[in-house]
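Chains as they are written, first to last, in the numbering used here: chain A, 1103 to 1634; chain B, 26 to 174.
FYI, nobody ran anything at the bench for these hints, they're computed from the structure.
These figures come from a predicted structure and were not determined experimentally.
It is possible that some hints are incorrect.
What the hints assert, rightly or not - Label pairs and their in silico Cβ distance ranges: (1) A:L1441 x B:R166: 20 to 28 Å; (2) A:G1159 x B:D84: 51 to 59 Å; (3) B:R35 x A:K1533: 48 to 56 Å; (4) B:A66 x A:G1139: 29 to 37 Å; (5) A:P1249 x B:P153: 21 to 29 Å; (6) A:A1476 x B:P153: 30 to 38 Å; (7) B:G136 x A:K1357: 41 to 49 Å; (8) A:G1517 x B:R35: 39 to 47 Å; (9) A:D1179 x B:A95: 49 to 57 Å; (10) B:E141 x A:G1159: 17 to 25 Å; (11) A:K1357 x B:R34: 42 to 50 Å.
What the hints assert, rightly or not - Chain B regions said to be covered by chain A (calculated; three or more residues, Cβ under 8 Å): (12) 53-63; (13) 72-81; (14) 116-123; (15) 137-146; (16) 157-165.
Positions of the beta carbon are idealized from the N, C-alpha and C atoms, including for glycine.
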Amino acid sequence: MKDPVDVLIIGAGASGAAVAWSLAETKMHVLCLEQGGWMNPAEYPSTGRDWEAKFYGEWSSSPNVRGRPEDYPINDDNSPIKVVNYNAVGGSTVMYTAHWPRLHPSDFKVKTLDGVADDWPIDYDALTPFFEENDRMMGTSGLSGDPLSPLTHPPMPQQPMGLSGAIIGKAMNKLGWHWWPSDTTVATMDYEGRARCINLGHCTPACAQGAKSSTDITYWPHAIRAGVELRTHCRVREITTDENGMASGVVYYDKDGVEQFQPAHVVIIACNGVGTPRLLLNSASGRFPNGLANSSGLVGKNLMFHPYAQIYGFVKEPTDSNRAPPTCLWSKEFYDTDLSRGFVRGYGIQFGRGAGPVFEAVASEQKGILPWGADHHRVFRKLNGHRLAVSAICEDLPEEHNRVTLDPVLKDSHGIPAPKVDYTISENSRKMMEHGLARGREILETAGATDICINNPIPWGGWHLLGTARMGTDPERSVVNEWGRSHDVKNLFIVDGSIFVTSGGVNPTSTIQALALYIADQMKQRLANLFD
Amino acid sequence: MSADNQLTRRQRDDLRTIAAMIIPASDEYKVPGADDPAIQADMLATLGRDTRLVAAALDHLARLAGVPLAELDTKRRDAVAQEFRNSGGVAAATLVRVVLQCYYRDDRVLGSLGIELRAPFPRGHVLPDGDWTLLDPVKARGGSLRRAP
Chain A
1103 MKDPVDVLII
1113 GAGASGAAVA
1123 WSLAETKMHV
1133 LCLEQGGWMN
1143 PAEYPSTGRD
1153 WEAKFYGEWS
1163 SSPNVRGRPE
1173 DYPINDDNSP
1183 IKVVNYNAVG
1193 GSTVMYTAHW
1203 PRLHPSDFKV
1213 KTLDGVADDW
1223 PIDYDALTPF
1233 FEENDRMMGT
1243 SGLSGDPLSP
1253 LTHPPMPQQP
1263 MGLSGAIIGK
1273 AMNKLGWHWW
1283 PSDTTVATMD
1293 YEGRARCINL
1303 GHCTPACAQG
1313 AKSSTDITYW
1323 PHAIRAGVEL
1333 RTHCRVREIT
1343 TDENGMASGV
1353 VYYDKDGVEQ
1363 FQPAHVVIIA
1373 CNGVGTPRLL
1383 LNSASGRFPN
1393 GLANSSGLVG
1403 KNLMFHPYAQ
1413 IYGFVKEPTD
1423 SNRAPPTCLW
1433 SKEFYDTDLS
1443 RGFVRGYGIQ
1453 FGRGAGPVFE
1463 AVASEQKGIL
1473 PWGADHHRVF
1483 RKLNGHRLAV
1493 SAICEDLPEE
1503 HNRVTLDPVL
1513 KDSHGIPAPK
1523 VDYTISENSR
1533 KMMEHGLARG
1543 REILETAGAT
1553 DICINNPIPW
1563 GGWHLLGTAR
1573 MGTDPERSVV
1583 NEWGRSHDVK
1593 NLFIVDGSIF
1603 VTSGGVNPTS
1613 TIQALALYIA
1623 DQMKQRLANL
1633 FD
Chain B
26 MSADNQLTRR
36 QRDDLRTIAA
46 MIIPASDEYK
56 VPGADDPAIQ
66 ADMLATLGRD
76 TRLVAAALDH
86 LARLAGVPLA
96 ELDTKRRDAV
106 AQEFRNSGGV
116 AAATLVRVVL
126 QCYYRDDRVL
136 GSLGIELRAP
146 FPRGHVLPDG
156 DWTLLDPVKA
166 RGGSLRRAP
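Bound-form chain A, shown alone (with noise of 0.2 Å):
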């Protein structure tokens, strides 16, 4: 039998680093279990001529595309919103836009502001200094003084506008709405041992350069610097539990798909909200017969994705297309509510720069505006390198039917139990992306775009997985509590995007980390009782 470890982190992602990293300065035995291994970044799409394709087959943002043996299937057929992420070393910061925003205040009381949903146990000052550590250690670039934004301190000057930043910023001057450079992790100059950006314009699916911020570039060098072991290739099937209740370890598959028991003192999740109740549900057992940490029986329930609403165009001056990090401006000026809108809460707004030409080709004709036949090369000319896009990030809202379960059937390539996705848009988040819709178009032609099109919902934009075992001090309405440890379980945490108790309307990954370290702050202060 292995000896016990201190802490046990499952999962090396965005929260699973970040908790790691910071619990490293306890010199406590901290041991993480990924299901990935580390990634080589020779072999990242961009440094091959075929990039582009790669996108749709091993590079693919599904893992039910991708097929890796370091994934696992999910049945997503009843949603409209496919599940999209990343395993390995890194978690989903390895394929994810580095877009960087935080949530902002008013999204920890919309309960008080707006009498929906819940309240946050914690608010935004809780995670202040966290969100300034986070932004130094992933490493982010941006301009400080947002009117609209959270503010921040970005150690490292924004992206270049570009020429499709220069088209969208003239059209929302014209319309007099917000924009503002995004803040990113994209490193615009050499930092911490990353080289800075050379625009190889593919970010998305991992970053060759490494000027993207991923944790296994990041957080993972320095905590395992710091003592932290890190096993790769390991999956865990199970958490256990002893004859009082507490986590005793995991059950997993090491690299040689042989079961091992691993104890451990602590054990904390950071597997996603998709990755998080599955294995819960997946460790129920006769003290826990409906899944562990579910007392309340809304592990997997409150499922949010943030729906996104895409429209875009093409104008007749060149965009930066695929030669430049995908994102590069913000705007805020419909995140507030405004119930005159018809629906309560808001969105963010991304815009995007362009596409390369397979991918402008491929989306193009399925849309049928890239015909088949003679007239194919002169449309094409006319679409190629001039696209621009605006997407509304919308709010969802929690709604305990959209939720994640365990599929009676399928199973990953060790026989563990597959999730099962059920969910649903709500009808105030249809009425606020027709009118990020609306507003995306009245962009769009004001930056002289034609030959419109939307994707409503963008169907591969499950990246955000939130809500699925949710923080709150109150034992039969949340998982965990207001620092991250679930209610049934004394010595069981959650760091990941699961217990965000809303969503706010912007990407997750800033937020998600500054709980993972504030939670680790909690712990860190409260080791002398931690299990009381």
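Given chain A, work out where chain B should sit, using these hints.
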């Protein structure tokens, strides 16, 4: 077994014919069609995980056409292609995507579009920094975050 061997001769013939219908050669733009031998060879060599769906699409196409697609007159061939697009589902979409992704990485095609013939890494691209005075109206307008109690 190579991907080449996973499509039958009839399927390869129909793939070549439908590819030319999607993207014919153009004297005006000085580009080959998607039925060009080198582009066809690229498709067959790199079908990989798409082989099953592409084969299914070609089988569907064969059922619609009844005979090798190339043997139909133009009017009938266009009608079959239209029906294929309407009824082919994911398989047809995969076939079209394979044609497009191989066509738009061919050196002659990329050259005609003015795209450099190289991988993005390691040279990357140069991006204009832009005129940040465009932000002045936003700064002047100001604003404030919604207060949280």
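Of the hints given before, which are not true for this structure?
2 and 9
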